[in-house]
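Enquirer: Chain residues, written in single-letter form:
10 protein chains.
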Amino acid sequence: MMEFLVEIEVNWPNDSDEELKQDLIRDEAIRAKELIEEGYIIRLWRIPGRWANVGLWRAKNASILHEALSSLPFFPWLDISVRPLAEHPSDPEKN
Amino acid sequence: MMEFLVEIEVNWPNDSDEELKQDLIRDEAIRAKELIEEGYIIRLWRIPGRWANVGLWRAKNASILHEALSSLPFFPWLDISVRPLAEHPSDPEKN
Amino acid sequence: MMEFLVEIEVNWPNDSDEELKQDLIRDEAIRAKELIEEGYIIRLWRIPGRWANVGLWRAKNASILHEALSSLPFFPWLDISVRPLAEHPSDPEKN
Amino acid sequence: MMEFLVEIEVNWPNDSDEELKQDLIRDEAIRAKELIEEGYIIRLWRIPGRWANVGLWRAKNASILHEALSSLPFFPWLDISVRPLAEHPSDPEKN
Amino acid sequence: MMEFLVEIEVNWPNDSDEELKQDLIRDEAIRAKELIEEGYIIRLWRIPGRWANVGLWRAKNASILHEALSSLPFFPWLDISVRPLAEHPSDPEKN
Amino acid sequence: MMEFLVEIEVNWPNDSDEELKQDLIRDEAIRAKELIEEGYIIRLWRIPGRWANVGLWRAKNASILHEALSSLPFFPWLDISVRPLAEHPSDPEKN
Amino acid sequence: MMEFLVEIEVNWPNDSDEELKQDLIRDEAIRAKELIEEGYIIRLWRIPGRWANVGLWRAKNASILHEALSSLPFFPWLDISVRPLAEHPSDPEKN
Amino acid sequence: MMEFLVEIEVNWPNDSDEELKQDLIRDEAIRAKELIEEGYIIRLWRIPGRWANVGLWRAKNASILHEALSSLPFFPWLDISVRPLAEHPSDPEKN
Amino acid sequence: MMEFLVEIEVNWPNDSDEELKQDLIRDEAIRAKELIEEGYIIRLWRIPGRWANVGLWRAKNASILHEALSSLPFFPWLDISVRPLAEHPSDPEKN
Amino acid sequence: MMEFLVEIEVNWPNDSDEELKQDLIRDEAIRAKELIEEGYIIRLWRIPGRWANVGLWRAKNASILHEALSSLPFFPWLDISVRPLAEHPSDPEKN
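Residue numbers (the numbering used here), protein chains in the order written: chain A, 1 to 95; chain B, 101 to 195; chain C, 201 to 295; chain D, 301 to 395; chain E, 401 to 495; chain F, 501 to 595; chain G, 601 to 695; chain H, 701 to 795; chain I, 801 to 895; chain J, 901 to 995.
Accuracy of the hints is not assured; some may be wrong.
Have a look at the derived ranges for each label pair, beta carbon to beta carbon [to be verified]:
#1 Ser481/E <-> Glu834/I: 24 to 34 Å
#2 Gly839/I <-> Glu218/C: 47 to 57 Å
#3 Glu219/C <-> Met301/D: 56 to 66 Å
#4 Glu709/H <-> Asn295/C: 21 to 31 Å
#5 Glu367/D <-> Asp917/J: 54 to 64 Å
#6 Glu738/H <-> Asp217/C: 46 to 56 Å
#7 Lys333/D <-> Asn911/J: 32 to 42 Å
#8 Ser371/D <-> Gln922/J: 38 to 48 Å
#9 Asp523/F <-> Ser681/G: 32 to 42 Å
#10 Asp615/G <-> Glu567/F: 40 to 50 Å
#11 Glu119/B <-> Asp917/J: 28 to 38 Å
#12 Asp917/J <-> Gly839/I: 29 to 39 Å
#13 Gln322/D <-> Asn795/H: 50 to 60 Å
These are computed hints drawn from the structure, not numbers from a lab. Just so you know, even glycine gets a beta-carbon here, dropped at the ideal spot from N, CA and C.
All chains, please: the whole structure from these sequences, using the hints.
Expert: Take a look at the structure:
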């Protein structure tokens with residue numbers, strides 16, 4: 001298993017359909033819950049002042065991570081950047 | 101309590117004293133252990149390929165975080181950037 | 201309490217509804233006044249030549265700051281960046 | 301009078317003379333106190349994790365601000381960036 | 401009095417109303433002439449290859465400069481950046 | 501197994517010991533050969549005009565990749581950036 | 601023959617015609633297969649989290665590469681960057 | 701006479717009128733031919749993978765160059781950057 | 801004649817010879833005066849907070865400008881960027 | 901044959917040996933002349949205000965170009981960036 005630092009920004013056009021937006025927000029919350037239960041999302045933080053988040057994700061490799069990320073209902077509107085993380089000898093979780 | 105995403109790069113000149121470097125590495129590990137026990141460092145990852153790490157830090161505010169960061173023996177050689185994190189409603193740890 | 205340096209840029213499309221814009225400007229001024237009274241906004245400056253401002257904000261942490269920022273009527277059109285500030289021993293206000 | 305947002309980073313080489321560094325730190329604190337008393341420095345914050353600060357400065361114009369900044373004992377080692385600030389109608393201090 | 405280096409880029413959408421564009425160009429030229437007569441604009445250059453200009457502006461402070469800049473008819477379509485200038489001892493105009 | 505795109509730049513100070521440099525170049529070639537045999541390095545290209553290369557690396561995860569990268573004799577002088585790669589359905593190697 | 605590192609990002613507007621998008625995806629896969637058979641595309645990876653890919657392309661020169669790239673059905677929506685690659689003496693494929 | 705390195709990117713919206721695009725392409729080729737004959741364009745290269753070019757232009761000064769550039773039929777859709785070039789003592793053309 | 805916007809930053813190492821620095825400062829002032837008299841430097845401003853200046857220079861072309869710039873005694877320590885300026889129809893000096 | 905746009909900046913430390921510098925400058929001119937005669941360098945311009953040049957180079961591919969570039973006596977002090985160029989249908993040289 002490998003951990004990734006994933007930054008997600010939602011680029012939602014303000015003139016878009018409000019109903020679609022609300023549907024997507026509801027579906028996104030459901031999908032996020034599933035991804036948490038399946039062990040993909042370990043931690044999730046909001047970037048203050050933005051419709052954006054930073055998350056700690058876990059997956060066997062980048063291909064499986066991509067599948068999880070692209071399963072998000074908002075995916076076509078997301079600007080996502082992924083950074084690979086290596087284990088640190090002083091990481092509290094490892095000790 | 102507030103969480104911060106902290107990225108630390110070590111800018112160690114290659115022509116520096118090797119003994120000093122080894123002393124600092126040993127002291128840094130000791131200080132890191134203390135900061136973990138005191139609850140400042142929650143997670144720590146190495147950035148692959150670099151003498152650098154990303155960490156999840158916790159402190160009451162940025163002033164107290166700065167005290168913790170500047171207590172690192174390597175501090176004068178560190179390039180540190182701090183990003184504030186806000187709680188996310190879907191964060192697994194909050195549920 | 202913690203202070204933050206917050207930079208806000210308004211990305212308002214010029215072909216948008218003028219009435220909506222005027223409504224939002226009026227509501228924004230009202231909300232700003234409330235945020236000042238509640239102690240969130242300490243100082244506010246216009247960035248010369250831009251529909252943008254820099255502000256000194258105060259909040260217990262980044263989560264509460266985010267709530268305040270996202271309560272701004274213009275929020276969906278705002279590009280916001282938040283920098284955490286630590287106390288400085290020479291800060292006039294502390295002495 | 302005009303306000304400026306000034307960001308100052310100290311680029312001190314780690315192999316420099318320690319005594320000179322301590323002398324400069326002491327002189328810098330004295331000069332900072334004078335600049336506060338003379339009304340140049342209004343607020344000062346440390347950038348967490350760095351030997352750097354952000355400050356709110358006040359001066360009649362950029363020429364006089366430059367004189368104040370270049371009077372800092374650490375000036376030759378400082379990387380300084382200055383942003384001009386305009387008054388904002390909602391600034392708490394103006395109301 | 402203080403001088404500023406002001407860079408202005410016009411972001412005009414190509415699918416906009418041509419008549420409005422011509423009206424704005426005519427009004428902009430008139431307003432520019434007034435700002436010159438009032439002493440705000442000292443010099444103005446076109447950035448080659450772009451619908452953009454660099455200008456030397458003069459104003460008592462950034463607030464008054466902002467008023468002048470935001471009085472330009474094209475203002476909602478302008479991307480403006482302002483740099484403060486300090487006097488130089490070797491400036492030909494000062495000698 | 502996972503693939504990574506790794507970019508490596510050698511920051512060798514021109515006033516360094518020439519003998520050390522030649523020793524490191526020889527050791528680096530030997531270590532590179534081993535990493536190829538162990539299946540870490542799949543492809544390697546020189547960036548034209550620079551003492552730098554781009555490589556396609558393969559490892560089980562970022563931690564093991566970091567071990568391989570930090571085993572390079574030149575490691576203390578290397579500026580390395582690592583990008584994670586996911587499988588593409590049209591990749592010739594997969595078909 | 602020369603190798604190039606090509607990064608391709610698809611900038612598809614979310615409000616575009618869904619049928620056109622599906623047609624283009626199907627045509628793109630067919631054209632990609634042809635470019636593989638003709639020896640242009642050697643390797644192809646998805647950038648995790650994005651509708652984007654990095655590829656190793658081979659062509660006699662940049663002019664012929666451009667012809668291949670601009671033959672992609674999605675070309676008008678693609679943001680493409682091309683980096684030239686030189687042979688490395690330690691490249692596994694050369695030994 | 702002076703030489704300039706000019707980089708031109710065409711920002712053509714994909715949902716624009718196709719007939720207008722074809723007309724502009726035809727007119728652009730005609731205007732380019734004229735600019736070549738008048739001695740403005742010395743060399744022209746396509747940036748591989750992009751609807752963009754780099755060119756070596758010659759003009760008496762930046763004002764005359766701007767006139768030539770803004771005479772291009774595609775000008776309102778062009779993102780142009782101009783770099784001034786000075787003579788080099790080893791330039792083959794000068795010897 | 802053509803005008804250029806020239807930005808000059810002095811990269812003087814703090815551990816350099818103080819006498820050499822004072823000599824260069826004196827020589828630089830003398831050379832600057834000559835360049836003013838010869839019509840190269842039209843205006844000169846200090847960038848507040850930095851050992852740097854922005855200047856309006858005039859020369860027949862970039863080659864002659866380069867000769868003037870490289871005649872500055874501090875030239876080996878200068879980081880210089882040159883932007884070409886075109887005439888603007890509203891420039892006060894042209895009317 | 902393929903053309904490349906090559907930008908070269910000389911990073912020469914001011915405290916280096918002056919004799920070595922003069923030797924390298926002389927050798928560089930000789931090597932440049934050879935590269936011109938061998939058809940590698942087609943055009944060469946100085947970047948005004950910098951010890952840097954932009955050049956039009958020609959080589960069969962990036963590997964051969966790298967050999968030519970790394971044969972420059974100043975190579976260890978050069979910061980070089982290479983951009984591949986494709987033929988343009990309107991290039992004067994092709995018609």
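Enquirer: May I ask which of the numbered hints given earlier this structure violates, with the numbers listed in increasing order?
Expert: Hints 3, 4 and 5 not satisfied by this model.
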